[in-house]
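Next come the chains, spelled out residue by residue.
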Amino acid sequence: MVLGTSLILSIRAFNMKNIFRQAGVIFIFFGLWYLFFLALTYLFYPDSGVVDDNQAQHGGMLTDSIYPDGGANVDLGFWVSKNGPHRIIITGSSNASEGILPSVLQPVFPDFAIYRGAVGSSNVAQLRQIVDVIGLSNPASMEGTIFIIGIFYGTFFNDDVPIQHVLWKNKILTKLQADGLRYGLYQPREDKMALTLDSHLMPWAVRALRPFLFWHMIFVEAKQSYIHFWDSVHSAMGKHENIKSEEFKQSSLAQWEYYLGDIKGFAQTQQMDSFLALCQEIAQSQASLVIVDLPVPQWLRERSEYYKKYVLNRSVYLNGIKKIPRVRYIDLGANAACSIDSNFRDSSHPTKEAGKMWSQTIADFMVSQRRFLGF
Amino acid sequence: MDFLSIKFFLFFFGAILIFYLSPARYRRGVVFPLLNTLFILTYINDLSQLLPLVVFLAAGFAGVRLVEIRADRGTFMTSLSVILVIFVYLKKYTFFSFVHFIQWPYLSVGLSYILFRIVQMLIDVYQKSIRERISPVSFFNFCCNFLTFVSGPIQRYQDYKIQEASLGQKVLKDAEAFDCLARMIHGLFKVVILSTLCMEYHQWQLSVIQDPVVHPIVHPSLLWLCRKFIIASSFYTLYLFFNFSGYMDIVISFGRLLGFQLPENFNRPFESRSFLELWSRWHITLADWFKFYVFNPFLSLLAFQWPHRKAVPYLGVIAYFLTFFIMGLWHGASWTFLIYGLFLGAGVSVNKLFDVLMRKYFSVSYNTMLEHSLSGLLGAAFTFMYFSMGLSCFWLDFNDLVALMVKLNIQGFGVILVLGGLICAVVMFLIRIFRDVFDRAVGKSSALLGNFYFVRARLSFELLIVIAFWFYGFGDIPDFVYKGF
Numbered sequence: 238m239v240l241g242t243s244l245i246l247s248i249r250a251f252n253m254k255n256i257f258r259q260a261g262v263i264f265i266f267f268g269l270w271y272l273f274f275l276a277l278t279y280l281f282y283p284d285s286g287v288v289d290d291n292q293a294q295h296g297g298m299l300t301d302s303i304y305p306d307g308g309a310n311v312d313l314g315f316w317v318s319k320n321g322p323h324r325i326i327i328t329g330s331s332n333a334s335e336g337i338l339p340s341v342l343q344p345v346f347p348d349f350a351i352y353r354g355a356v357g358s359s360n361v362a363q364l365r366q367i368v369d370v371i372g373l374s375n376p377a378s379m380e381g382t383i384f385i386i387g388i389f390y391g392t393f394f395n396d397d398v399p400i401q402h403v404l405w406k407n408k409i410l411t412k413l414q415a416d417g418l419r420y421g422l423y424q425p426r427e428d429k430m431a432l433t434l435d436s437h438l439m440p441w442a443v444r445a446l447r448p449f450l451f452w453h454m455i456f457v458e459a460k461q462s463y464i465h466f467w468d469s470v471h472s473a474m475g476k477h478e479n480i481k482s483e484e485f486k487q488s489s490l491a492q493w494e495y496y497l498g499d500i501k502g503f504a505q506t507q508q509m510d511s512f513l514a515l516c517q518e519i520a521q522s523q524a525s526l527v528i529v530d531l532p533v534p535q536w537l538r539e540r541s542e543y544y545k546k547y548v549l550n551r552s553v554y555l556n557g558i559k560k561i562p563r564v565r566y567i568d569l570g571a572n573a574a575c576s577i578d579s580n581f582r583d584s585s586h587p588t589k590e591a592g593k594m595w596s597q598t599i600a601d602f603m604v605s606q607r608r609f610l611g612f
Numbered sequence: 019m020d021f022l023s024i025k026f027f028l029f030f031f032g033a034i035l036i037f038y039l040s041p042a043r044y045r046r047g048v049v050f051p052l053l054n055t056l057f058i059l060t061y062i063n064d065l066s067q068l069l070p071l072v073v074f075l076a077a078g079f080a081g082v083r084l085v086e087i088r089a090d091r092g093t094f095m096t097s098l099s100v101i102l103v104i105f106v107y108l109k110k111y112t113f114f115s116f117v118h119f120i121q122w123p124y125l126s127v128g129l130s131y132i133l134f135r136i137v138q139m140l141i142d143v144y145q146k147s148i149r150e151r152i153s154p155v156s157f158f159n160f161c162c163n164f165l166t167f168v169s170g171p172i173q174r175y176q177d178y179k180i181q182e183a184s185l186g187q188k189v190l191k192d193a194e195a196f197d198c199l200a201r202m203i204h205g206l207f208k209v210v211i212l213s214t215l216c217m218e219y220h221q222w223q224l225s226v227i228q229d230p231v232v233h234p235i236v237h238p239s240l241l242w243l244c245r246k247f248i249i250a251s252s253f254y255t256l257y258l259f260f261n262f263s264g265y266m267d268i269v270i271s272f273g274r275l276l277g278f279q280l281p282e283n284f285n286r287p288f289e290s291r292s293f294l295e296l297w298s299r300w301h302i303t304l305a306d307w308f309k310f311y312v313f314n315p316f317l318s319l320l321a322f323q324w325p326h327r328k329a330v331p332y333l334g335v336i337a338y339f340l341t342f343f344i345m346g347l348w349h350g351a352s353w354t355f356l357i358y359g360l361f362l363g364a365g366v367s368v369n370k371l372f373d374v375l376m377r378k379y380f381s382v383s384y385n386t387m388l389e390h391s392l393s394g395l396l397g398a399a400f401t402f403m404y405f406s407m408g409l410s411c412f413w414l415d416f417n418d419l420v421a422l423m424v425k426l427n428i429q430g431f432g433v434i435l436v437l438g439g440l441i442c443a444v445v446m447f448l449i450r451i452f453r454d455v456f457d458r459a460v461g462k463s464s465a466l467l468g469n470f471y472f473v474r475a476r477l478s479f480e481l482l483i484v485i486a487f488w489f490y491g492f493g494d495i496p497d498f499v500y501k502g503f
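Order-wise, the sequence lines are chains A and B.
Counting in our numbering, the first sequence runs from 238 upward without gaps.
Counting in our numbering, the second sequence runs from 19 upward without gaps.
Isolated chain A, as found in the complex:
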């Protein structure tokens, strides 16, 4: 009996020791890998406290290019705010990401660090969240910042339209909120994102995440490379010619109808007022703002009821904007060269060449408005 009990006890201790010893060895190796990738990130992206402009352009782990498909980055708020007053932040939907290029703006504004903080399928509510995240870590840093917000008719859809939602633990979150949750540094509180840690711990938390952010960048780059590969294959096969077809146009109109929801709730005064309020808040925080009304193809302007409704209603915010200091508006759609159909690779996104042209037009406009924008 005693022998049996001691045998079982020794088996118990033996088994547990073996399990935890093996798990321990794996975790030691895991720790070594973690340190290796941490060191690697410091080698390529040193933590100088100030983001190098060159890195910002070429895409590094401290810049928005971690999310080249337009997602705002969880550490964006922290890193951008550390970069001091000379910064330009581009935001909007995915067409803003592709149509307002830091690489074109940078030579025109060499003293600024330029960031792309656009989130695909953003509406006004999500644009507000992006601005909140950027100003969250250090509200004082808003002074001297220039926001470029790219809008188009597809920005003014209702909050209850599912395109911008992610279901998380039975809660409906915007894509940006879900993105903030990713590393656990933010959490949704009412309609805003709140830091989960004390703000002075944020730099350490972001540093601790560096090995994972590094791999995040690799995953995103891999996905982009895959998409670009097939894009070029399709181009070579002449499949992009398809966008001229009547079938494509009809399909696009139907898709937009699905994405933007019921036209009754679309581009209403409430959304225009919210946008105007956002512009006023940015101006009150001592930041400057350039609103770029991005073009859409000519055929869509003629046939989309949503576009027509937007054009009819936009006077609500246009009249208000004129009265706000440090806010300027440019309608790229009114520029014939920018809005011809051949500038588009689909029903809203510009081709690479058109993106450069749009960006140059915006840069020229900003230079002409230098006095009003405060730089």
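What the hints contain is simulated information worked out from the structure, not anything from laboratory work.
Check the hints yourself; a few may be wrong.
Residues of chain B placed beyond 12 Å of chain A at every Cβ, according to the derived structure [unchecked claim]:
id : residue
1  : Leu75
2  : Leu98
3  : Tyr332
In silico DSS-like links for lysine-lysine, alpha-carbon gap of 30 Å or less [said to hold, decoys possible]:
id : chain 1 : residue 1 : chain 2 : residue 2
4  : B       : Lys328    : B       : Lys378
5  : B       : Lys25     : A       : Lys408
6  : A       : Lys486    : A       : Lys545
7  : B       : Lys191    : A       : Lys254
8  : A       : Lys481    : B       : Lys246
9  : B       : Lys425    : A       : Lys481
10 : A       : Lys486    : B       : Lys425
11 : B       : Lys378    : A       : Lys254
12 : A       : Lys589    : B       : Lys191
13 : A       : Lys254    : B       : Lys25
14 : B       : Lys501    : A       : Lys408
Glycine included, every Cβ here is placed at the ideal spot set by N, Cα and C.
Could you slot chain B onto chain A? The hints should help.
Quick look at chain B alone, frame taken from chain A:
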């Protein structure tokens, strides 16, 4: 509790600690039921959500006990019927939509698998395959074993009991402990990375398919739709495999760490050369359960009704159809799974009939015919494609499924099966070549690959990538799919 959560893994590693730290005499009667209860409690917010499960278990135990006391046909049939009625009621089968179901939210996770366990006990007690009296604690531990609670693997009571009796008495050596942890990490890799990628690709293709179905303005060609369907359905099958088998890897490994030898559920299913063979490689424990407790009784019953030796193979065809039809129905409480059942039933019965006819007219079995490498490859490819077509019942709701079936028509399904089968054959052929080359390369550098440090470094790197991808895919990592069944 989400499967892919820190809470889940803390629970399992905590369970190992508690289990090994507790005195042996309390392990079976106290610690194990306590762990099972705690596991179930993680799924609920309110104790009232447990009530239907408690009723189901109580009815199951009462039924088993009644059959133990009075093992006559009437008692057995009554007990079985009551259990089935409660199950159907709790699962809210659409076919019985005229019934007033319970409206408040309650725990339904694990019900389907508990049904298998209760029915198995009822049958085996009735047939005297289980002779011992089943205690309430053993009944609860068997039905609600936290390792297999969510979705198996399905174990027979007799096998479970042997392992329960030897709990904590098995020596776990270093190498075995490492194997378990390694398999767990591989399982995570399958679930977090591979299944997510397959699901993302599947959804991308699905949106392309659904748009034309939803928006009748666009009329894509039949070939275009077939091509998209082939890709979407194939990637769903891969997703399901990685998701389910990855989860099984984790659960089986945890079981082994505790001294449980849970049965395997997958064995290279995509190497199956026929639809019948697939069910000895895919969700093995479910298929075995159905063969043992549904197919065999059906066949006996049919043979009893038509006692002709020559008729037996054809009766097998009918029994196969009925068995797999019921198995399909078990998967879900909606009309979609009626179609799935018909699809599975048709697949196995045609397969069986073909085998019977081959034997009769050419004196050669279907399996012998598939031994040739080319026919084997084609068999595997068409099996995969046919199975993938059937699994579309998992990702399309009834209306979309019907709309797609109307759009595809018989012609479309023919194109999908033939074109998809040929594409799969080419892909499988290339994978085999790649695997041969890889195996040869591995053979040459086996000393390095088997090195202690190399193995652990590779495994921990895999873990790091899994965690990084888990962050990256936040919100898009699919939950464990069979949790819903």
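Against the structure, the hints:
1. Separation of Leu75 of chain B from chain A is adequate, the least Cβ-Cβ distance of about 27 Å exceeding the 12 Å criterion.
2. For Leu98 of chain B, the condition that its CB be more than 12 Å from all CB atoms of chain A holds, with the nearest at approximately 37 Å.
3. Consistency note on Tyr332 of chain B: stated as away from chain A, and its beta-carbon is indeed over 12 Å from all of that chain's, at 50 Å minimum.
4. Distance hint between Lys328 of chain B and Lys378 of chain B is fulfilled; the C-alpha atoms sit about 11 Å from each other, no more than 30 Å.
5. Between Lys25 of chain B and Lys408 of chain A the CA atoms are separated by roughly 19 Å; this keeps the pair inside 30 Å, and the hint holds.
6. At roughly 16 Å between alpha-carbon atoms, Lys486 of chain A and Lys545 of chain A fall within 30 Å of each other, so this suggested pair holds.
7. For the hint pairing Lys191 of chain B with Lys254 of chain A, the CA-to-CA distance comes to about 10 Å; that is within 30 Å, so the pair holds.
8. At most 30 Å may separate the alpha-carbon atoms for a hinted pair to count; Lys481 of chain A and Lys246 of chain B meet this at roughly 22 Å.
9. In summary, the hint linking Lys425 of chain B to Lys481 of chain A is supported, as the alpha carbons are separated by about 26 Å, within the 30 Å threshold.
10. The straight-line distance between the Cα atoms of Lys486 of chain A and Lys425 of chain B is roughly 22 Å, inside the 30 Å bound, and the hint therefore holds.
11. Annotation: proposed proximity of Lys378 of chain B to Lys254 of chain A is violated, straight-line Cα distance about 60 Å (limit 30 Å).
12. Distance check on the hinted pair: Lys589 of chain A and Lys191 of chain B sit about 60 Å apart at the alpha-carbon level, beyond 30 Å; violated.
13. Restraint check for Lys254 of chain A and Lys25 of chain B: satisfied, since their Cα atoms lie roughly 23 Å apart, inside the 30 Å limit.
14. Distance restraint check for Lys501 of chain B and Lys408 of chain A: the Cα-Cα separation of roughly 20 Å lies within the 30 Å cut-off, and the hinted pair is therefore satisfied.
Going down the numbered hints, you'll see the structure goes against 11 and 12, while the others check out.
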